[in-house]
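Chains as they are written, first to last, in UniProt numbering: chain S, 1 to 206; chain P, 1 to 206; chain E, 1 to 206; chain A, 1 to 206.
Be aware that one or more of the hints could be misleading.
Which copy? The list can't say, so a pair holds if one copy fits it or any two copies do.
[To be verified] Distance condition first, Cα-Cα at most 35 angstroms in a straight line; then the derived DSBU-like pairs of lysine-lysine: (1) Lys88 <-> Lys123; (2) Lys123 <-> Lys72; (3) Lys73 <-> Lys123.
Derived by calculation from the structure, the hints in this document are not laboratory data. Remember, it's a predicted structure, so these values are computed and weren't measured experimentally.
Spelled out, the chains give:
There are 4 protein chains.
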Amino acid sequence: MTAIRENLAQSIIEAGQFLYGRGWSPATSSNYSARLTSAEVLLTVSGKHKGQLVADDLLAVDMNGISLENGKKPSAETMLHTQLYRWKPEIGAVLHTHSVNATVLSRICRSDSLVFADYELQKAFSGIATHESEVLVPIFENDQDIDRLASRVQPWLDAHPDCVGYLIRGHGLYTWGQRMSDALRQIEAFEFLFECELTMRMLQRT
Amino acid sequence: MTAIRENLAQSIIEAGQFLYGRGWSPATSSNYSARLTSAEVLLTVSGKHKGQLVADDLLAVDMNGISLENGKKPSAETMLHTQLYRWKPEIGAVLHTHSVNATVLSRICRSDSLVFADYELQKAFSGIATHESEVLVPIFENDQDIDRLASRVQPWLDAHPDCVGYLIRGHGLYTWGQRMSDALRQIEAFEFLFECELTMRMLQRT
Amino acid sequence: MTAIRENLAQSIIEAGQFLYGRGWSPATSSNYSARLTSAEVLLTVSGKHKGQLVADDLLAVDMNGISLENGKKPSAETMLHTQLYRWKPEIGAVLHTHSVNATVLSRICRSDSLVFADYELQKAFSGIATHESEVLVPIFENDQDIDRLASRVQPWLDAHPDCVGYLIRGHGLYTWGQRMSDALRQIEAFEFLFECELTMRMLQRT
Amino acid sequence: MTAIRENLAQSIIEAGQFLYGRGWSPATSSNYSARLTSAEVLLTVSGKHKGQLVADDLLAVDMNGISLENGKKPSAETMLHTQLYRWKPEIGAVLHTHSVNATVLSRICRSDSLVFADYELQKAFSGIATHESEVLVPIFENDQDIDRLASRVQPWLDAHPDCVGYLIRGHGLYTWGQRMSDALRQIEAFEFLFECELTMRMLQRT
């Protein structure tokens, strides 16, 4: 194993310990990845306990999501990861999580996007410098056909080069960053905003 | 003690540490078991702190719930465990927990079952491959007469061979799996869905 | 220091670590005690961080709440502890905590008592064997004059020999047990029931 | 590094570990400080993970917020810290946090202040001896122009010498104390009261 792969593997394993510990990757859900090279991605195999990942629970795939390792089958959702690495060369890490709040908010919200405004914490997203901006988060319908789902995500990405993450309804969140620490910071910011928004809705729902 | 019993005892002790830590087995509530042989089950004795179990807090019973160990009295709810091991030979572990969300949801819901639909996390249950399926969870009335309660559970199990768990009203959850890790995954999935469902009901209750 | 005092001091220190960790004794609130002899009680001094207690943060008082140690001033609420040890000789530990849920429930509830019914977890209280019983918890108005508050608590205790705990409005919970582990089990059971009750009220409040 | 600076740096690092662990400083938000001398303040640089601070993530500034260390840029919000140290010479530590509850409560509340009354925990604030007092907490509108924000805070501080903290709408809490432990106690008390108040509003909102 190269030193680069070893470091990235360790960053994915630690991300899993953190995200599982926070309750955002329960019951073997979620998948995580990091860019190995311009043409290869290191990704979690499906069905593993995300708080107990080991290096062998990761595999390398090419940018079409084809496994580069004998005997290891990439997660069904691999294409949603590689799609993002192809979209922007500066993306180095992609995290997909399944929190209660992301699940509920994506189901409660009847429109096809959420807007976050007037939160100081919006500044935690890459490229955002003031709470007076708006963060637009699309919600895609859930689909077990990942190619079809990816084909609905692509036009949004193309039209919104400043997109910082998206939701799949009843399913979870995709977000990313240059390094793993950036993707983790965005996860924390999203989960903070999801919890704020749900609490606000509970209080305002008269 | 045989190596098999020692391993199963350890898996029950660690399950207790996890489930107590999550707040799902408070105040000495809950009971857990694992299959020792086709005719014997290893089970927690009643009244112990579930985060602090030791090997001596477990006893072997036969499939009728009769203690196989002098001086140890099985939990009153033993029959609800052995009933499940008799129902399906592939079940290797049964977990019964008492979370706030399971308690509240089973009381708030006036009908005799819950249905979970359109949640990606339904796929965490054995045998479920898509969020487009429905997970049906029966709710039985609580009863201190465990034989009577078991006799109400049995017809449901017989009629629903794909059942993944059930609730007792105001009391808690029973779920199971081939190995302890499978039963724990199902607990996490249930608790996730319970929390989603309660939050959805709070938001939709206009 | 006697071995008995040393053991009781350790049980109070560990209770504080647990109760603070759960968020039930925030911001130096709460006080805890254990019976040293038929005439003496070991008690926390006031104003300490309850997750970081040391042996020197405890003092012995007599059954009238008078300090038996030079230079240590007992908590203002000492009389609420000694009152309980005088009430029942079998009480060995008393815990007073300040959780959000106890505070809110005691304020939201307009009557002078709460009733818990149909919860399996009621069986965690000493002397209760079925969910079909009722657990009656009085709520006393808060008062900075502890003698006056104690004089309102006493008639209730005299009239309800099976009382398992009480609330002070906007303030917190008093509960107890034969050993520290019994008092802790009752705290967990109360906090479970408080959370259930608040969640039920949020869902039913239409 | 002087021993005083080393001790204060350690107290800030440990405060960050605690506050991040509680979820009150997510996604690199928040800033913390401690008084070095009558003319200098030790402060976190901006943009760091608050649970993983190291001594190099701190810098000394003068009372006008000017960096005293080459190559380190103080946080944009430095003036809100130095303003407090100039206001009262007895203040030794200032904490600014971004919890979900502070964010939501400051947005939900339409007036320009909150009042806490009838909570025993009000006694955790410096100078408050009874739940019969009232704790008044102003809410300032959020502003990326920190000089302008500080100029709106100053008249309030001058008019309210007993002020124990303030909120910035959609942004977070500022509180302080003689030592770091006092500021932390006030953070815990505020977060307790915020959670109580939000829960009360959810229950009363009919």
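| field | 35 angstroms Cα threshold - placement of Lys72 relative to Lys123 | value | between (39 angstroms within a copy, 21 angstroms between copies)
Original post:
Checking Lys73 and Lys123: alpha-carbon separation at most 35 angstroms within a copy, between copies, both or neither?
Top reply: Between copies only: 18 angstroms across chains, 38 angstroms inside a chain, cut-off 35 angstroms.
- Using 35 angstroms as the alpha carbon limit, work out where Lys88 and Lys123 are close: within a copy, between copies, both or neither. Both: 21 angstroms inside a copy, 31 angstroms across copies.
In this structure, none of the earlier numbered hints is contradicted; all agree with it.
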